[in-house]
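Number of protein chains: 2
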Amino acid sequence: MNIMARIQALIGLLTHCNEEKMEDVMLIEGILRKAVKMMDLTLLESVSHKFSPQGMTAVALLAESHIAVHTYPEEGTIFVEMASCGSRDAKMALEFMADMLEGKLEIVMDKIIGGA
Amino acid sequence: MNIMARIQALIGLLTHCNEEKMEDVMLIEGILRKAVKMMDLTLLESVSHKFSPQGMTAVALLAESHIAVHTYPEEGTIFVEMASCGSRDAKMALEFMADMLEGKLEIVMDKIIGGA
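Sequence order for the protein chains is A and B. For the first sequence, position 12 (counting from the first letter as 1) is numbered 12 according to this note's numbering, and the numbering increases by one without interruption. For the second sequence, position 23 (counting from the first letter as 1) is numbered 23 according to this note's numbering, and the numbering increases by one without interruption.
These are computed hints drawn from the structure, not numbers from a lab. Only a predicted model underlies this, so the values are computations on that prediction, with no experimental measurement involved.
Repeated chains share a single entry, so a pair holds when one copy, or any two copies, can fit it.
Below, a list of computed lysine-lysine pairs in the DSS-like style, where the Cα atoms sit at most 27 Å apart: (1) 111 to 50; (2) 50 to 104; (3) 91 to 111; (4) 50 to 37; (5) 21 to 37; (6) 50 to 34; (7) 91 to 37.
Kindly generate the complete structure, drawing on both the sequences and the hints.
Spelled out as structure tokens, the structure:
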């Protein structure tokens, strides 16, 4: 891994989320924006898509990488993947999202890539 | 990891890429579209941002998750992160991207999440 940039790659599952909230695209996008702001990151753009009959997916493109969210309402679970070159621990953003959605955070992977 | 959905989470570095090509946003977006098509995945939307004086970042939002690309032209390296619920091995997409950009693929992480 011979790159000098330091990237924190983080994957988490938010389980037992509030089913109504996790179907609310506007709410999820708002939570993403707040998480980005809280982490002192810079939002460039965000895109989302609502599936029928349920589920959604959203990505926030950041100056310091990205956050991606894919929901599984039938399981009350949200898959969140974040890559960040920011100085703050990306776990804070996932903890915030879990709180907002009344879920529990399970960290699947937390890896620092590069930074040599 | 008590989710039934099966997600392949893949992180790769494309090193020694062609510096001119990796600054070409249209080219990178085209390569992403071709990779998605090749993998039988469904592109919902893509967003990108060109940094000044160099570097770019792009995300393809898929019906089956996403592909994110962050370039580090000063190092000739591209960070690629892909999450896929598709049936084909996501590594194929990264190998294709490395070929198109004349780089070498180094897999940093390849993990199956869920699918229980």
